Structures are given as C-alpha cells and as structure tokens.
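Asker: Take a look at the letters that make up each chain.
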Amino acid sequence: MAIDPTRVPRFGHGSRVPGWDDAADLTKDPEGIPDPATTPVPEELRARIEEFMARYPDRRSAAIPALRAVQERYGWCTPEGIQQAACVMRLTPGYLIAVATFYDMLFTEPVGANDVFVCTNISCSLRGADDLFAAFHEHAGDDPDFNLRAFECLGACDLAPMASINGGYVGPISPDEVPAIIEAVRRGEEPLPDRQLKYRKSVDPNAAA
Amino acid sequence: MTAPLLFKGIDEPDLHTLDVYERNGGYESLRKALSMSREEVLHELETSALRGRGGAGFAMGKKVSFLPKGQMDKYLVCNADESEPGAFKDRELMQKSPHMLIEGMIIAAYAGGINRAFIFIRGEYALQAQRLEAAVEQAKEKGYLGDRILGSDHSLILWVHRGAGAYICGEETALLDALEGKRGNPRLKPPFPANQGLYQGPTLVNNVETLSTVPTIIRLGADEYAKIGTTGSTGTKVVSVSGHVQRPGNYEIELGIPAREIIYGLAGGPPEGRDVKFWFPGGSSSPVLKKEDLDLSYDFDTLAKAGSMLGSGSIIVVDDSTPVVNVALKVAKFYRHESCGKCTPCREGTNWTVKMLERIDSGEATPMDLDIMAGVQENIIGNCLCVLGDSMAMPIGSMVAKFREEFEAHIEAARQRNELATTDEAPAEALIQGAVA
Chain A
362 MAIDPTRVPR FGHGSRVPGW DDAADLTKDP EGIPDPATTP VPEELRARIE
412 EFMARYPDRR SAAIPALRAV QERYGWCTPE GIQQAACVMR LTPGYLIAVA
462 TFYDMLFTEP VGANDVFVCT NISCSLRGAD DLFAAFHEHA GDDPDFNLRA
512 FECLGACDLA PMASINGGYV GPISPDEVPA IIEAVRRGEE PLPDRQLKYR
562 KSVDPNAAA
Chain B
-5 MTAPLLFKGI DEPDLHTLDV YERNGGYESL RKALSMSREE VLHELETSAL
45 RGRGGAGFAM GKKVSFLPKG QMDKYLVCNA DESEPGAFKD RELMQKSPHM
95 LIEGMIIAAY AGGINRAFIF IRGEYALQAQ RLEAAVEQAK EKGYLGDRIL
145 GSDHSLILWV HRGAGAYICG EETALLDALE GKRGNPRLKP PFPANQGLYQ
195 GPTLVNNVET LSTVPTIIRL GADEYAKIGT TGSTGTKVVS VSGHVQRPGN
245 YEIELGIPAR EIIYGLAGGP PEGRDVKFWF PGGSSSPVLK KEDLDLSYDF
295 DTLAKAGSML GSGSIIVVDD STPVVNVALK VAKFYRHESC GKCTPCREGT
345 NWTVKMLERI DSGEATPMDL DIMAGVQENI IGNCLCVLGD SMAMPIGSMV
395 AKFREEFEAH IEAARQRNEL ATTDEAPAEA LIQGAVA
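Here the protein sequences come in this chain order: A and B. If you read the first sequence in the numbering used here, its first letter stands for residue 362, the second for the next number, and so on. If you read the second sequence in the numbering used here, its first letter stands for residue -5, the second for the next number, and so on.
Chain A on its own, in the form it takes in the complex (with noise of 0.2 Å):
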C-alpha cells in the first residue's frame, strides 16, 4: 500500500516536523538599539525599567523584569513593546526576544487576558490532574478571554490537582466545579475563596503551637 505523498502533511517549511524556530532572514542587516528618537515609549513604563535597572550592578539584569512589565502592559510581549523595553535598556530587540522566548510565562504571541495554568505534573496527576485539565479545555479552550495552559509544577503539590488563576493558586479543584470556576473569572470574582492558598492553614500537626 503506497502513500500519497501529496497527502503527508507538512509545516509551511517543508518538514513533517516543527521547525526548532523560526528561520532567519539573511538578507536583511541585524537590528541595532532602538533610536531613542523614534521609538516613544510611554513615561510609565520607561520609569518602571529604569527603576529596575537601577538595582544591578549590570543593567541587562533588568531584562526578565522588564519584559515582564511590558507584557503587564500589553498583555503580551509584543514587537512594539520589546523595541520600547530594548529603547529603555540600551539593547537591541533581539537580545530580548532571545530571552523572552525562553520563559514560559513571557508569551511572544498574543494570549487571552485570563491566565489559568493547570498544573499537570506528577503529583497532581496522580490525582487527577489531566481530567481537571481536559474540563477546564472543554469549557474555555477556544475561549479568547483565556489563556489556558497545562503547566509543569507549580509547586502547589498539596493543593492537587491544582490551577494558578491569574496568579492565584486554587486547590484541591474537581473537574465539575470548572464552569463555575470560569464564570466567577468572567465575573472578575476570587473563585472558589474556600480553597485558595492564601488562606490555607498549614497541615503540620506540630506548627500549631
């Protein structure tokens, strides 16, 4: 039985693979530091990165931080955005894709407002965490709002199975709460406020006294 090799599929770069990145283009001169000039960048957040950079002794420290005050900003880190940081810093763009693409929670494309990372690593999938991540897909999976995520550990092993929602940490979550759960995101509310980390007590019998 032979295969049509019309029928293969393949990636826009040919292979039946994902390319590692995206490839270069050659022909074009590298970009330098953004022209002050030319590239307004609003007084809020220029404030913030020099703020930042003021704290090391080597103002490229600031990059994690200032990416991430730009995808405050922006919602994502977005072309614009990193020539404003890389402006600010004195670096080129490149530098600063080249770390943003390296961390999970820097996102280069454009993501939902609503962060939920499903925790799906051993110990919450030992209690079912690939469940909970599967309702929490079927309900806001297409949803534009969200930016859902399965996400390796997040350090929340005793709240399993668990999801950091925009920044909070919710646990122990049934895949049947997870409508609820989203519809008290929309609503902008803490949802389930019983099971937050924040309130939880420690479970050391000896912590007590």
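By construction, these hints were calculated from the structure, which means they are not laboratory data. The model shown is predicted, which means the values in this text are computed figures rather than measured ones. Please note that a few of the clues may not be correct.
Listed next, the in silico DSS-like pairs over lysine-lysine satisfying Cα-Cα at most 30 Å (straight line) [claimed, not checked]:
id, chain 1, residue 1, chain 2, residue 2
1, B, K2, B, K221
2, A, K559, B, K134
3, B, K336, A, K389
4, A, K389, B, K176
5, B, K56, B, K2
6, A, K559, B, K136
7, B, K2, A, K562
8, B, K327, B, K284
9, B, K63, B, K176
10, B, K2, A, K559
11, B, K136, A, K562
12, B, K327, B, K176
13, A, K562, B, K176
Which bits of chain A does chain B cover? Going by a derived footprint, with three or more residues having C-beta under 8 Å, they are [as the list claims (entries may be wrong)]:
id, region
14, 421 to 430
15, 462 to 474
16, 482 to 490
17, 508 to 516
Per the computed footprint, the stretches of chain A lying under chain B, defined by three or more beta-carbons under 8 Å from a beta-carbon of chain B, are [to be verified]:
id, region
18, 522 to 530
19, 539 to 549
No residue lacks a Cβ here, since even glycine has one placed at the ideal position from N, Cα and C.
Fit chain B to the supplied structure of chain A, relying on the hints for placement.
Answerer: Coordinates of chain B only, in the frame set by chain A:
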C-alpha cells in the same frame, strides 16, 4: 520529635509583617550575630553541620568558607526557584515567614562579608514574591537592611528578582545567568560560583530553607542545633509529602526518623484499601524506592546508601493503582520540556526517552527497547554541564530496574491489544487513514 523550629507558630496571623515577626523574637538572632565577629558566625555555621536543603545537601558553612576573604564585590543569591516536582516547602516558608529568610540572609551575608544579595523567586509564586517585597521594604525602613545595619560595620542591599518560569533556573549557574538577564543556560563548572559567579564575582547560592534555618542556629547555638537529627544530617527538615496520601502537605521533621512515620504517621498513608507501590524520597529527580524501603531512616546518608537521595526533601507517594509506565512518561516529558537544550546528551536523551516510553505505552516496543532505554540513561548521567539530564535518567533508570516485569507486561498487553484491533479490517483502514490525513 523535637519542637518545630521553622514551623513554630507558622500560622500566626500576619506573621509575614515585621511587627508580628519581631513580637515573636524576630531579628534577635541578627542582633546576636552582629555582636559576634564574622569569623565566629562562620564558625557557628560550620559547627552546626547544616546541609543545604535545596537538593545537593552540601554543607552550608563550608560553602560560605569557600568565599575568598577581603574587600571585593561578593554576592549572596537565595535560590527560591523551587520548581522540582513534588517540592513546595519554600513556598510556605516565604509566604508565611518571609522575614525569617531575610534575617537568615543578613546573617549569612555577614559571615561571608557580602554586601549585595538577591532573592531569585520563580515567576509563578506571585503572592510569595509580593510578601517578600513588602517584607524587604519593612526591613529597610527599620534599618535591618541598608548601610551599617544596627550600627555595625555590615551593610547589605537586597532585592527580590522574579523569574519567568523555567525549571532549569533552579540550577545554580543557570540561575546566575537568568539573574544576569540572559537565557537560563547552565555554565561549565569549575569555576564554581564561590569563586566566579554572579557578574564574575564570588557568589554564595543557597536555598530558602537553608537560609531560613540560619537564625535558629544562631539563636540556639551551633552545638545545640547539631544535637538535633543524626550526626551526618543535623537539624530539622521541612518535608513536602504529596501524591497518593490522605493529608498531603509540608511537615517539619527531625532528620533520621523512619520514612514510614512521615508517609503513614503524618501524611496518613495512601487512601483506604490502597498500598504504597513506590515513592520518590527527594522529588521527581530522585531514584524511586519501593514499599520495602519505607523503614529507612529519612536522612541524607541512609538514603544515599539505599541508592537514592534526600534531595529537596519532597516525598511523592504512588499507590498500587497507578501503572509505573504512566509515572515514567510524566517524569520524562517534564524533563524534555525543561531541558534548556545546551548539552546534547540531555536534549536528545530526554527526547528519545519520551519517544521510547510512548512506544512502550502504545505497544510498539519490544523488551529489548528497555535495555536500549537503560543505555540512554547511562549515557546521560555525568555527561552534561548540569544535572537536569541526570535528574531524568536516575528515576527512569531506577523504575526500569525495579519494575522491569511490569514494563514487559505493559508492552505485551499493549501489543496484544493492537493485534486485536488490526485483525478487524475496518479499524485497520481507519488507522491508515488517520496516519495519512
């Protein structure tokens, strides 16, 4: 069981604020330490025999003593990038008692003659980072941080640096790269950070729990502290217990108690009607131990002798309802995702291990593949800049070695299932269609 040292009154409301922390005797150890000479404080740390709580278990006092003496830019970095699957002890310590960490850092910096410090906290810990930042502000206002702390000759600048989600940044040299604003790739060692670390300066890197223990050592005195626990593993340890147990959570134990007491006594053991199949004694990167090993003493040396490690002190319990292949696949996928890609054995090895485990799971493997997979693990260990690859190779290798029969049975069962599916013509057609579409 001795009284808790780190977890004493940890649930007191607003312990994260300076007022409540001071009311409970906070920053008294700092005053005591500053009244001693730097050498005396260093001597205390060495005598306490405190071993690092982050994973490697290296003697903390010795690490401080490796720093070159004299006036130069030296750095203290607190590794709060707790990302090891199964570990969540630092989260609770930072969230509930951030000043304990800050106090420990000031004392450790004093002992090492360090004037600049950073706390590198993982990006996911938002609440904990806020609490730390607020605590640092309060400590600055009160004069515990800054120039000439409490009238002494010791000055310290401290900043909280938030990461952005990468397990590799828990490796100390990758953490330094991330802190310098680069991609978090590990560096070649030597030179070790104690000689050449952050910004090429001598750097002391320690875990949150290690540094949080320092005020206790100064308060009790090193000799008293060293009496707790065993000779090789002194003191108490916060153990994170998770997985198939009834009461998952952080427990502070005296090192050297039997593991059974932690898993069954404190955490309540597996759910009704289930039994422990195997357990990770020190996070997902430690080789697994079986039910028979539950009576081992929980300390650094005993676990090392048993072929595993205490690591970060994170126990993950897996009960007999879970196939070992599923756990192995989860572990391997995690390390594949988190491998930074710098060293070939780790980048390719983690990827191939996942592919082979998927083949085992889908019934396309033969028992010979288990030998090949074991060979892949052997070729990762010790051949990379950092131990991320080893962290996958060790547990996977131990799972294959200890549960080989189950792996073989899994392959055989999946193969028979596939055979049944392909003898029927219609599904076979559908399979081919699926592969092509």
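Asker: Could you run down the list of hints and mark each one as holding or not?
Answerer: So, going through the hints one by one against the coordinates:
1. Pair hint B/K2 plus B/K221 holds up; C-alpha atoms about 18 Å apart against a cutoff of 30 Å.
2. In summary, the hint linking A/K559 to B/K134 is supported, as the alpha carbons are separated by about 25 Å, within the 30 Å threshold.
3. Taken as a hint, the B/K336 and A/K389 pair is honoured in the structure, with Cα atoms around 27 Å apart against an allowance of 30 Å.
4. Distance hint between A/K389 and B/K176 is fulfilled; the C-alpha atoms sit about 24 Å from each other, no more than 30 Å.
5. Taking the CA atoms of B/K56 and B/K2, the gap is near 27 Å; set against the 30 Å cutoff, the hint holds.
6. Proximity of A/K559 to B/K136 is assessed by CA-CA distance (about 26 Å); at most 30 Å being required, the pair is judged to hold.
7. With a C-alpha separation of about 13 Å, the suggested pairing of B/K2 with A/K562 holds against the 30 Å cut-off.
8. Only pairs whose Cα atoms come within 30 Å are accepted, and B/K327 paired with B/K284 is accepted, the gap being roughly 22 Å.
9. The suggested pairing of B/K63 with B/K176 holds, with an alpha-carbon distance near 29 Å, which does not exceed 30 Å.
10. With a C-alpha separation of about 18 Å, the suggested pairing of B/K2 with A/K559 holds against the 30 Å cut-off.
11. Restraint check: the Cα-Cα separation between B/K136 and A/K562 comes to about 29 Å, which is no more than 30 Å; the hinted pair holds.
12. Annotation: proposed proximity of B/K327 to B/K176 holds, straight-line Cα distance about 25 Å (limit 30 Å).
13. Between A/K562 and B/K176, the direct Cα distance comes to roughly 37 Å. Violation of the 30 Å bound is thereby established for this hinted pair.
14. With a threshold of 8 Å between beta carbons, the proposed coverage of the region 421 to 430 of chain A by chain B holds, since 8 of its residues qualify and at least three are required.
15. Counting residues of the region 462 to 474 of chain A whose CB falls under 8 Å from any CB of chain B gives 5; the rule of at least 3 is met.
16. Coverage of the region 482 to 490 of chain A by chain B holds. Counting CB-CB distances below 8 Å, 6 residues qualify, and the rule asks for three or more.
17. A stretch counts as covered by a chain when three or more of its residues have a beta carbon under 8 Å from one of that chain; for the region 508 to 516 of chain A and chain B the count is 5, and the coverage holds.
18. Residue count for the region 522 to 530 of chain A with a Cβ under 8 Å from a Cβ of chain B: 4. That meets the three needed, and the coverage hint holds.
19. Given as covered by chain B, the region 539 to 549 of chain A fails the check, having 0 residues with a CB less than 8 Å from a CB of that chain where 3 are the minimum.
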